[in-house]
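Number of protein chains: 2
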Amino acid sequence: MYGNPGSGYQGYPGGAAPGYGQGAATPDVQQWFNTVDKDRSGQINWQELQSALINGQGKNFSDVACKLMIGMFDRDKTGTIDINEFQQLFAYINQWLAVFKNYDRDQSGHIEEPELAQALQQMGFKFSPDFVKFLIAKSDLQNHKQMSVDQFIVLCVQIQRFTEAFRSRDSEMKGVITIGFEDFLSVAINCST
Amino acid sequence: MYGNPGSGYQGYPGGAAPGYGQGAATPDVQQWFNTVDKDRSGQINWQELQSALINGQGKNFSDVACKLMIGMFDRDKTGTIDINEFQQLFAYINQWLAVFKNYDRDQSGHIEEPELAQALQQMGFKFSPDFVKFLIAKSDLQNHKQMSVDQFIVLCVQIQRFTEAFRSRDSEMKGVITIGFEDFLSVAINCST
Numbered sequence: 001m002y003g004n005p006g007s008g009y010q011g012y013p014g015g016a017a018p019g020y021g022q023g024a025a026t027p028d029v030q031q032w033f034n035t036v037d038k039d040r041s042g043q044i045n046w047q048e049l050q051s052a053l054i055n056g057q058g059k060n061f062s063d064v065a066c067k068l069m070i071g072m073f074d075r076d077k078t079g080t081i082d083i084n085e086f087q088q089l090f091a092y093i094n095q096w097l098a099v100f101k102n103y104d105r106d107q108s109g110h111i112e113e114p115e116l117a118q119a120l121q122q123m124g125f126k127f128s129p130d131f132v133k134f135l136i137a138k139s140d141l142q143n144h145k146q147m148s149v150d151q152f153i154v155l156c157v158q159i160q161r162f163t164e165a166f167r168s169r170d171s172e173m174k175g176v177i178t179i180g181f182e183d184f185l186s187v188a189i190n191c192s193t
Numbered sequence: 001m002y003g004n005p006g007s008g009y010q011g012y013p014g015g016a017a018p019g020y021g022q023g024a025a026t027p028d029v030q031q032w033f034n035t036v037d038k039d040r041s042g043q044i045n046w047q048e049l050q051s052a053l054i055n056g057q058g059k060n061f062s063d064v065a066c067k068l069m070i071g072m073f074d075r076d077k078t079g080t081i082d083i084n085e086f087q088q089l090f091a092y093i094n095q096w097l098a099v100f101k102n103y104d105r106d107q108s109g110h111i112e113e114p115e116l117a118q119a120l121q122q123m124g125f126k127f128s129p130d131f132v133k134f135l136i137a138k139s140d141l142q143n144h145k146q147m148s149v150d151q152f153i154v155l156c157v158q159i160q161r162f163t164e165a166f167r168s169r170d171s172e173m174k175g176v177i178t179i180g181f182e183d184f185l186s187v188a189i190n191c192s193t
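So the protein lines, in turn, are chains S and X. Quick note, in my numbering, the first sequence goes up one by one and the last residue is 193. Quick note, in my numbering, the second sequence goes up one by one and the last residue is 193.
Hints are not guaranteed to be accurate.
Which copy is meant is left open, so a pair is good if it fits within one copy or across any two.
[What the hints assert, rightly or not] Straight-line distance between alpha carbons at most 20 Å, and here's what the computed EDC-like set of lysine to aspartate or glutamate pairs gives:
#	residue 1	residue 2
1	Lys126	Asp106
2	Lys101	Asp37
3	Lys101	Asp76
4	Lys138	Asp76
5	Lys133	Asp183
6	Lys138	Asp63
7	Lys145	Asp76
8	Lys138	Asp28
9	Lys138	Asp183
10	Lys101	Asp39
11	Lys77	Asp140
12	Lys138	Glu112
13	Lys138	Glu182
Worth flagging that the hints you see were computed from the coordinates, not collected in a lab. As the structure is a computational prediction, the values presented were derived from the model and not from experiment.
Make a model of the complete structure from these sequences and hints.
See below:
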């Protein structure tokens, strides 16, 4: 079962992304952009973004996360974003960081199973303990224990996309859908990162 | 609708992967391995694999493709593969290359919509023309025209995984399943590359 969009989703940055951050770039965003745009092309690609983003464990954000985020704001599909698109991405990343830090109560730079369960619950999702375990294991292939902020962002964007696709087919909000093979495949491939 | 596993899937390399290539490494595989294993660690990671694989358009295979392939043969989840796992991967890649070349009749290094439609049909899938168009557009974001061999491999592995997940829920082979939200999400996230 998933939560009610009117309540459970309020704290969910993904839903707010397209709306905010519009307008002229503020000075701090301009400064960030200039730092990230190493080749001074006026455009940022995922590699430039990656070199500027460090997760709480001292590692650069994964390329999956950086490509995903560039792709979300790259409206003209050039593989790069300009200063205005970057302004929105900047706000988006900061909002995710705030969410993550809120659940990373011990400031370890990663969240573990109980923290992820709580985060998802407050986003309006009621998942089984086994499912939360599975999500952690997918992120931490070797130890099955923890998730970094970039993995958390990728997961939340994935869940958001699949939830939208599911909900649009679940008109009676039963939490169950009937779906044909080709439609199933197109949802799965379309929402994959 | 999808094809009959007993007939349509016969030419599908994905299905054969776990079985073949076992045993001691042959000299050509050993030579390839030594070339790819640049740091002489006795293990290959996805970056080393990537530097050795060039698609028909003169570009290295994507990191998604290389990570996917390493992940398929990396049984101990270390992020690397040894010579024995590499032997299987080597056979796997060669089999995909042969399939791709068979459909790339004009030897252009990429396949276009009719060629992809034919390839999928011969693998036992009956997809609508719109779905094949969608697959091409997902691979070629800017021009919506063509697909390279590494994109083809990723697509076929994705389709294979999602088909297996779908089929296991479609016990009566109706081509339609009823699926709950959490199960849907776990399939989607588990099979994503």
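How the hints compare with the structure:
1. With identical chains, the CA atoms of Lys126 and Asp106 are never at most 20 Å apart, being 24 Å at best within one copy and 52 Å at best between copies.
2. For the identical chains of this complex, Lys101 and Asp37 are neighbours neither inside a copy (27 Å) nor across copies (39 Å), given an alpha-carbon limit of 20 Å.
3. For a Cα distance limit of 20 Å, the shortest separation of Lys101 from Asp76 qualifies neither inside one copy, at 32 Å, nor across copies, at 32 Å.
4. With identical chains, the CA atoms of Lys138 and Asp76 are at most 20 Å apart between copies only, with a shortest distance of 14 Å across copies and 32 Å within one.
5. Within a single copy, Lys133 and Asp183 get their C-alpha atoms only as close as 28 Å, which misses the 20 Å cut-off; across copies the closest is 14 Å, which meets it.
6. In this assembly of identical chains, Lys138 and Asp63 lie within 20 Å of each other by CA distance both inside one copy and across copies; the values are 16 Å within and 18 Å between.
7. Within a single copy, Lys145 and Asp76 get their C-alpha atoms only as close as 38 Å, which misses the 20 Å cut-off; across copies the closest is 17 Å, which meets it.
8. With identical chains, the CA atoms of Lys138 and Asp28 are never at most 20 Å apart, being 35 Å at best within one copy and 35 Å at best between copies.
9. Taking CA atoms no more than 20 Å apart as the test, Lys138 paired with Asp183 passes between copies only; the shortest distance there is 15 Å, against 25 Å inside one copy.
10. In the homo-oligomer, the alpha carbons of Lys101 and Asp39 never lie at most 20 Å apart, since the shortest distance is 32 Å inside one protomer and 38 Å across protomers.
11. Taking the closest pair of Cα atoms, Lys77 and Asp140 come within 20 Å of each other only across two copies (10 Å); inside a single copy the shortest separation is 31 Å, beyond that limit.
12. Taking CA atoms no more than 20 Å apart as the test, Lys138 paired with Glu112 passes inside one copy only; the shortest distance there is 13 Å, against 34 Å between copies.
13. Taking the shortest Cα distances, Lys138 and Glu182 sit within 20 Å of each other only across copies (15 Å), while inside one copy they are farther apart (26 Å).
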